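Undergrad: Spelled out from the first residue to the last, the chains are:
There are 8 protein chains.
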Amino acid sequence: MTLSELRELLEQVRNGTLDPGEAQSRLEDHLSESPFEDLGFARVDHHRAMRQGFPEVVFGQGKTPDQIAAVAEQIVARGHTLLVTRADERAYQTLTRVVPEATFHAVARAITFRQGDVASGKGTILVVAAGTSDLPVAEEACVTAALMGNAVERLYDVGVAGLHRLFADHSRLLAARVIIVLAGMEGALPSVVAGLVRAPVIAVPTSVGYGASFGGLAALLGMLNSCAVGLSVVNIDNGFGAGVIASRINHL
Amino acid sequence: MTLSELRELLEQVRNGTLDPGEAQSRLEDHLSESPFEDLGFARVDHHRAMRQGFPEVVFGQGKTPDQIAAVAEQIVARGHTLLVTRADERAYQTLTRVVPEATFHAVARAITFRQGDVASGKGTILVVAAGTSDLPVAEEACVTAALMGNAVERLYDVGVAGLHRLFADHSRLLAARVIIVLAGMEGALPSVVAGLVRAPVIAVPTSVGYGASFGGLAALLGMLNSCAVGLSVVNIDNGFGAGVIASRINHL
Amino acid sequence: MTLSELRELLEQVRNGTLDPGEAQSRLEDHLSESPFEDLGFARVDHHRAMRQGFPEVVFGQGKTPDQIAAVAEQIVARGHTLLVTRADERAYQTLTRVVPEATFHAVARAITFRQGDVASGKGTILVVAAGTSDLPVAEEACVTAALMGNAVERLYDVGVAGLHRLFADHSRLLAARVIIVLAGMEGALPSVVAGLVRAPVIAVPTSVGYGASFGGLAALLGMLNSCAVGLSVVNIDNGFGAGVIASRINHL
Amino acid sequence: MTLSELRELLEQVRNGTLDPGEAQSRLEDHLSESPFEDLGFARVDHHRAMRQGFPEVVFGQGKTPDQIAAVAEQIVARGHTLLVTRADERAYQTLTRVVPEATFHAVARAITFRQGDVASGKGTILVVAAGTSDLPVAEEACVTAALMGNAVERLYDVGVAGLHRLFADHSRLLAARVIIVLAGMEGALPSVVAGLVRAPVIAVPTSVGYGASFGGLAALLGMLNSCAVGLSVVNIDNGFGAGVIASRINHL
Amino acid sequence: MTLSELRELLEQVRNGTLDPGEAQSRLEDHLSESPFEDLGFARVDHHRAMRQGFPEVVFGQGKTPDQIAAVAEQIVARGHTLLVTRADERAYQTLTRVVPEATFHAVARAITFRQGDVASGKGTILVVAAGTSDLPVAEEACVTAALMGNAVERLYDVGVAGLHRLFADHSRLLAARVIIVLAGMEGALPSVVAGLVRAPVIAVPTSVGYGASFGGLAALLGMLNSCAVGLSVVNIDNGFGAGVIASRINHL
Amino acid sequence: MTLSELRELLEQVRNGTLDPGEAQSRLEDHLSESPFEDLGFARVDHHRAMRQGFPEVVFGQGKTPDQIAAVAEQIVARGHTLLVTRADERAYQTLTRVVPEATFHAVARAITFRQGDVASGKGTILVVAAGTSDLPVAEEACVTAALMGNAVERLYDVGVAGLHRLFADHSRLLAARVIIVLAGMEGALPSVVAGLVRAPVIAVPTSVGYGASFGGLAALLGMLNSCAVGLSVVNIDNGFGAGVIASRINHL
Amino acid sequence: MTLSELRELLEQVRNGTLDPGEAQSRLEDHLSESPFEDLGFARVDHHRAMRQGFPEVVFGQGKTPDQIAAVAEQIVARGHTLLVTRADERAYQTLTRVVPEATFHAVARAITFRQGDVASGKGTILVVAAGTSDLPVAEEACVTAALMGNAVERLYDVGVAGLHRLFADHSRLLAARVIIVLAGMEGALPSVVAGLVRAPVIAVPTSVGYGASFGGLAALLGMLNSCAVGLSVVNIDNGFGAGVIASRINHL
Amino acid sequence: MTLSELRELLEQVRNGTLDPGEAQSRLEDHLSESPFEDLGFARVDHHRAMRQGFPEVVFGQGKTPDQIAAVAEQIVARGHTLLVTRADERAYQTLTRVVPEATFHAVARAITFRQGDVASGKGTILVVAAGTSDLPVAEEACVTAALMGNAVERLYDVGVAGLHRLFADHSRLLAARVIIVLAGMEGALPSVVAGLVRAPVIAVPTSVGYGASFGGLAALLGMLNSCAVGLSVVNIDNGFGAGVIASRINHL
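The listed protein sequences derive, respectively, from chains A, B, C, D, E, F, G and H. Quick note: the first sequence uses numbering that gives the first Met the number 0, first residue 0, plus one each step. Quick note: the second sequence uses numbering that gives the first Met the number 0, first residue 0, plus one each step. Quick note: the third sequence uses numbering that gives the first Met the number 0, first residue 0, plus one each step. Quick note: the fourth sequence uses numbering that gives the first Met the number 0, first residue 0, plus one each step. Quick note: the fifth sequence uses numbering that gives the first Met the number 0, first residue 0, plus one each step. Quick note: the sixth sequence uses numbering that gives the first Met the number 0, first residue 0, plus one each step. Quick note: the seventh sequence uses numbering that gives the first Met the number 0, first residue 0, plus one each step. Quick note: the eighth sequence uses numbering that gives the first Met the number 0, first residue 0, plus one each step.
Some clues are possibly wrong.
[As the list claims (entries may be wrong)] Distance ranges between label pairs, derived from CB positions:
hint, chain 1, residue 1, chain 2, residue 2, range
1, D, R96, G, D18, 50 to 60 Å
2, E, E100, H, E100, 42 to 52 Å
3, B, S170, C, R113, 27 to 37 Å
4, D, D87, B, K121, 50 to 60 Å
5, A, R153, B, S170, 17 to 27 Å
6, B, Q92, E, L38, 55 to 65 Å
7, E, R171, F, G78, 28 to 38 Å
8, E, E100, C, D87, 34 to 44 Å
9, D, G115, H, D116, 51 to 61 Å
10, A, R153, C, R77, 19 to 29 Å
11, F, D37, E, A174, 26 to 36 Å
No wet-lab data here; the hints were simulated from the structure. The structure presented is a predicted model; accordingly, all values stated were derived computationally and were not measured. Glycine included, each C-beta is placed from N, C-alpha and C at the ideal position.
Please take these sequences and the hints and turn them into a complete structure.
TA: Written as structure tokens, this is what we have:
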């Protein structure tokens with residue numbers, strides 16, 4: 000119920016065309032009306048697109064293929080764009096029974112199905128990855144940002160062990176409006192990039208590494224303690240989250 | 000040996016119908032008599048029902064199907080209600096050879112077989128889960144609490160990313176006598192719930208998440224550090240423990 | 000605005016005694032009206048007593064004496080009972096300028112000033128501490144629970160190194176409606192107590208210890224992993240939180 | 000040397016007004032010329048303003064007052080704006096000998112001295128703090144962002160234990176272009192805010208808390224694992240870093 | 000009540016010299032009789048000497064000087080030997096008011112007062128310390144073991160950086176019945192010693208070190224993971240505990 | 000070369016029956032002679048039996064079946080008793096090709112083959128396990144201690160959730176000369192046992208548990224921080240190490 | 000572009016044989032010219048051999064066999080020597096399609112193909128391993144160092160539980176120019192070795208162990224806290240890194 | 000006893016000028032003779048200079064001024080060079096009573112007194128520090144390396160936030176024979192340096208930072224996980240250790 004609808008209701012009460020008891024009932028209904036679909040195991044949030052500019056995204060990990068498909072069906076039925084992250088081939092097969100046109104991005108482990116228009120981001124989001132092993136996370140960020148209406152560019156395998164590979168694309172770094180930088184191991188690349196540019200940098204630690212990398216903890220701590228300014232950090236392997244925040248910034 | 004049995008024994012000694020040496024022997028016997036069944040690999044605690052209001056529960060993880068079945072057989076033979084947690088299909092199949100009427104709760108990973116009456120809890124226990132992936136732990140709590148004589152209600156997928164899904168059931172939150180709240184990832188939901196109600200809140204961190212969730216550690220720490228009052232915490236994924244303490248409170 | 004006030008407002012609109020525009024305005028006002036006092040550095044929550052049965056409590060740590068006094072003054076001015084935790088002598092001196100009758104509990108590090116009536120808890124809350132060094136946290140729990148209307152009993156220095164000291168008060172354990180158990184070091188006492196009683200047990204790890212106690216982490220982990228059932232855990236040294244949840248349970 | 004200066008140099012070589020050897024020498028000079036002042040214990044980076052839009056900032060912690068003053072003198076001498084973070088009264092007294100007009104922000108623990116113009120940010124940066132104890136970090140963010148040309152608003156003490164205090168300022172949340180959210184303890188506030196708005200949210204964990212907060216670790220993990228989208232995280236207590244990245248975004 | 004006392008009681012019942020009701024009452028009394036002194040803040044365990052061969056020891060840390068003195072007074076009044084660990088000069092001064100003959104061991108931070116006889120250990124306990132900084136912990140072990148009736152020898156500053164200093168006393172290593180080995184930093188010395196002897200080795204990690212020693216964690220983990228056999232470990236800096244277990248073994 | 004052999008060598012030099020150069024050469028040879036068999040990938044330590052009373056034990060984890068068999072063959076060929084820990088069925092099958100009479104202990108995951116006599120321990124080693132899931136580690140301790148000549152008794156499933164199961168065997172606790180106590184989860188059992196007896200207690204944390212047990216860390220920390228005296232700790236799941244140290248003590 | 004090429008370019012500009020615009024363009028081209036091959040998912044660094052004395056090495060973990068083969072093909076095509084670490088049989092099979100002469104080192108999990116000459120190291124690199132289970136990491140170090148032109152010797156299974164096995168090769172320790180020492184569990188061996196020699200010691204913690212070894216963390220901390228001097232540490236299981244730094248030192 | 004002394008002894012035995020019993024006695028004496036001074040609380044290792052090229056160094060932390068002075072006196076009395084690390088002004092004052100010519104290096108917190116000649120290192124050791132706050136650790140490395148006979152150069156405040164400050168001294172990086180690189184916070188500088196040079200790099204994490212730097216842990220993990228090759232790591236703040244290993248390498 001919008002403010003204008005509220006005004007109309009009150010006018011009807013004054014006009015006598017609406018009984019106060021009935022009006023109260025409608026107001027109460029509105030307040031208790033659920034802006035979501037309750038599937039028992041899930042409450043699909045249909046207001047999120049209105050509230051945040053993009054519909055609810057399905058986090059596939061820990062859900063059965065059937066649960067994913069059921070939620071996806073609800074989202075698509077409302078005309079919303081679908082994004083499932085952390086999905087595998089099996090979930091995709093199940094999902095295509097209810098959303099046959101959906102696309103599976105194997106490296107990014109994501110399922111997408113675009114519906115309707117999406118506002119375009121204003122500049123380019125550059126996704127920079129330190130190494131080849133970071134690609135699944137990097138691609139998750141790319142798929143997410145692209146689906147949300149952004150121009151996305153990639154710059155991969157430019158880790159600090161050979162910085163000239165990064166400097167060779169210095170102009171692309173300067174041209175980007177937002178930069179996502181992914182690195183595992185010691186996670187130093189975001190610090191170096193943030194020291195070169197004015198654009199905001201979203202740092203994504205990845206779990207690439209072994210031994211004292213402790214599943215990405217070393218990279219995470221490195222990024223949080225960066226002596227460079229202008230960077231903020233998301234969870235280990237959270238390409239999706241980086242894509243969303245980069246998109247939010249790029250739509251400003 | 001109860002107090003009245005002790006009194007009778009002493010009367011018999013006075014009456015001369017019982018020899019003091021024999022009486023001493025009986026008293027010693029009683030003190031050394033084992034209120035449990037010793038299977039070698041396990042000592043089934045048959046006094047627990049009397050002591051704590053519910054028989055010993057079998058923690059299935061780390062036990063072989065044969066061990067689970069042997070313990071279960073002992074419990075059922077005494078007329079006690081059976082609850083096996085962290086059990087899988089294979090353990091259930093083995094167990095049905097000795098307890099054919101037992102039920103397997105697949106999502107909750109629990110086996111139950113009710114015998115005799117159980118005292119009813121006074122109000123409703125509401126089980127609130129932040130996301131769909133928390134269901135196995137949530138259901139373990141539900142199965143446990145229900146078996147212990149409580150009315151149980153479920154409210155699932157109401158995480159803080161879309162709080163209106165929670166507020167839509169505000170009245171159910173207010174109506175519950177005890178609330179169990181489960182959440183993985185950042186584990187913020189119990190804080191929000193505890194800030195809305197007067198009922199005691201049992202917070203259950205789950206291992207749902209990835210990266211810096213460190214197997215539920217992030218959620219656990221979040222709940223322990225809650226700025227809201229009125230909540231206490233159990234181990235990560237410990238739906239069973241939450242069910243028990245909620246039942247104890249609900250039976251007060 | 001209660002439901003009956005809403006009904007009246009709508010009746011006035013129908014009667015023509017209230018203009019729909021004005022009515023809308025009032026409804027909007029109500030929704031935007033702040034149930035708190037904004038001091039700039041703090042927003043004193045005056046609705047908490049209504050919402051949760053006890054007014055906002057001031058966490059003294061990290062606040063200046065002047066900030067504590069200013070917040071306390073607001074709470075007392077509304078006729079609410081005052082509780083400041085983690086306070087020192089200096090904060091107390093400053094506070095007495097605005098709340099001269101306030102009491103300082105030195106061991107508990109708490110400041111209290113009771114106003115008005117408080118509902119009585121139904122049974123006794125027993126506070127059990129493993130060692131003498133746990134007293135500051137234990138007393139914080141006692142002061143909190145007593146202020147909230149509960150009968151409180153103490154049972155101190157009954158750690159597992161000499162369990163007969165605990166068993167000597169077995170009947171008090173059985174008589175309590177809720178039990179708070181504090182322990183530092185290995186934190187085993189709550190497990191032992193929970194194995195003896197039916198009442199809910201709130202376990203409080205304390206930072207008492209050295210070396211691999213890691214500031215209470217060992218005790219915290221021990222309590223979370225208890226093989227006994229019926230206990231839940233609060234933060235290290237959180238006597239206040241334990242007192243609150245015990246009180247909530249005792250008021251059921 | 001800019002591109003146009005390079006072009007002019009080459010024209011002079013063609014014109015014969017510049018000897019190739021001399022030209023080579025100038026090019027080499029340029030490449031080896033140090034864009035910083037070497038004080039032995041510090042290399043003051045004078046190109047940072049050109050490269051990143053703001054001069055080098057002095058991190059005061061771990062530096063002696065004399066070292067801080069010496070670096071500050073260099074920065075001010077070049078006409079740059081001065082910002083010293085993590086400074087105390089003693090460092091300020093020493094610094095005023097060389098920069099007498101400098102201002103000390105006691106709560107924020109920062110020293111500032113503005114010189115020249117600064118580009119204005121496009122919208123408002125809203126700084127939201129969960130509790131009163133978070134103020135030193137919150138003010139560090141405010142001072143930083145304001146000095147960098149941004150309109151800054153404050154919203155303090157709106158933690159999740161009483162969410163209505165936050166919802167009361169819902170419109171300010173919606174109006175902000177960038178939001179910085181600070182919280183200690185369980186760190187849940189940024190998740191709640193990010194679920195309500197479209198603006199990018201910079202989450203700052205603070206070391207406010209005790210016991211299992213482990214110096215802010217609990218809040219940090221909570222924010223990294225947020226189930227809400229659109230937020231990224233900086234180091235514990237890093238108000239300065241949050242101010243910088245918010246400013247970068249606000250200048251897009 | 001011993002078994003013979005029980006027999007006598009039952010005989011009296013048979014003889015009619017004792018009423019069964021009275022006999023029952025005495026038995027109940029016995030079971031509820033407290034073998035400790037309750038000081039309110041402490042329960043002094045007077046049965047420990049009988050149960051474990053040595054009276055209760057006072058852990059001084061976290062107790063006020065007055066509390067320490069009050070507990071010590073109780074212990075001494077029963078004719079027991081006194082040992083206070085983790086005590087400082089101030090506690091000692093207070094304690095001498097009630098136990099004037101007590102001795103303060105400054106390096107060991109212990110207070111002792113011997114009363115009555117103590118059984119002699121059978122062999123020698125050798126206390127080996129890797130470095131000079133380990134002396135406070137080593138001396139705590141020595142004072143403890145000596146007070147418990149053991150011959151104690153010292154071998155200090157023989158760390159693995161110069162193993163010939165250890166090998167020079169090879170014969171003393173072979174001659175000891177039990178060996179306590181203390182080391183901070185990497186904690187390698189116990190492994191080396193355990194590889195040379197047949198005697199049981201009690202390893203004590205100390206908090207000596209810096210950086211990645213993490214307060215003794217490195218030494219603790221090193222000792223727990225020793226590839227040598229025949230050693231077990233106590234808490235970081237727990238010289239007292241090592242002395243006790245060495246004494247128990249030496250009294251076998 | 001023994002001292003008497005050295006004396007003889009020097010006599011020969013005096014007698015002129017041995018050339019000094021040759022004597023020097025022999026002495027040098029002796030110093031460089033290897034008291035072990037070098038297999039390239041392993042150096043089998045044949046002096047360990049003489050040095051420590053038991054031959055080298057093979058740690059099976061991380062070795063291939065062929066490596067295990069090759070080392071075992073060397074040990075058996077010298078007439079030594081064989082013990083392989085952390086072995087599986089496959090390693091056993093390979094090993095039986097070279098040591099056909101070897102025995103496989105499936106629960107303990109150990110392979111043994113006894114040769115020659117072994118000195119008997121003086122008393123009984125009691126192995127106490129908190130739960131059924133601790134059996135593999137408990138049995139590893141039993142097999143080790145038995146092979147080293149000790150009388151071994153077992154007391155299983157007597158965890159602190161039902162202490163009467165432990166107290167029922169109080170006399171066996173008192174009768175043992177050394178006690179090994181295993182527990183996972185919160186690891187409280189060793190503290191309780193050590194509080195009841197005078198014998199040295201070897202505490203073994205096991206990795207039984209889930210969530211915040213962190214692979215046995217909770218139990219380990221609990222045991223290290225025990226408020227009871229007379230216990231020392233070995234690595235998580237280190238049944239073998241506990242068996243060895245118990246045997247060393249029992250042979251004193 | 001070398002300095003002499005730069006001089007020639009400027010001479011041509013003066014001579015009028017080169018247009019300034021063209022010269023500028025060439026200078027810009029040079030600055031942006033990539034000294035690497037861009038495969039999209041990888042940027043093969045062809046300048047590394049010139050910069051660091053050895054071509055880029057392929058870290059196989061986390062790359063698909065096809066990715067490994069594609070990168071390897073590029074390296075070999077330039078005439079460089081190939082080293083792939085953390086490779087398995089499957090990667091090797093795929094790689095032999097494009098580099099048929101490559102060798103697979105199964106224990107070391109490495110693929111090599113030598114091309115051209117390599118400068119010889121000046122002395123011997125001795126690789127010392129504490130146990131048989133450390134061999135995969137030790138062999139990775141050996142293969143790496145040998146491929147880089149060094150004489151490599153091996154000394155395996157000489158852990159501190161039987162130090163005579165190490166002392167037997169004392170002369171080889173003294174003869175080595177650089178020593179790599181690997182150990183899991185408590186990681187004490189490097190400390191012992193560093194105490195015996197003057198040569199630099201590279202310590203490599205391995206993940207061999209269980210329980211509180213926490214995947215090599217115990218060994219890592221032990222080595223970092225060594226009380227011996229002259230040793231530095233690489234990541235857990237990083238045999239490759241140890242081989243490289245030993246080679247760098249040996250080429251000095 | 001050297002080999003030539005051994006030969007002479009045996010000749011004397013053949014010549015009859017030495018009795019075999021006496022010869023045996025001398026050999027035994029030699030083997031048991033202690034090459035150290037035993038002060039009770041310390042064993043000063045006088046053979047270390049011969050064994051490792053530099054006398055024993057005194058680690059001042061945790062030692063009393065008197066202990067430091069006593070050990071120093073022993074070292075100086077033998078004509079050895081003195082180095083005390085982690086010393087403060089008070090220890091220096093005490094020490095000058097016995098070694099009046101000693102020098103105190105306030106920033107490095109070291110005391111030195113050079114005696115006799117020291118072999119010169121072959122090249123230059125370059126000490127590179129990321130920030131001004133790293134100076135105490137950097138200077139400890141410089142003082143150590145200089146005292147051991149090395150030419151030392153300094154390059155300070157060249158962190159990755161402004162890499163041009165480092166590149167400006169590229170030629171000094173290339174000219175050094177060994178490079179020590181210190182950094183706190185994210186610790187990325189050693190990775191960048193190691194990617195630019197062929198010389199071995201010793202990385203020193205410092206405890207500079209706050210929040211999630213966890214006392215240098217972030218920097219330590221970053222350096223251990225470096226994607227650059229050719230670097231090894233020492234303990235947090237271990238400037239001394241870095242100086243020693245750099246000196247060892249520089250003396251090859």
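Undergrad: Tell me the hint numbers this structure goes against, listed in increasing order.
TA: The structure breaks hints 5 and 10; every other hint is satisfied.
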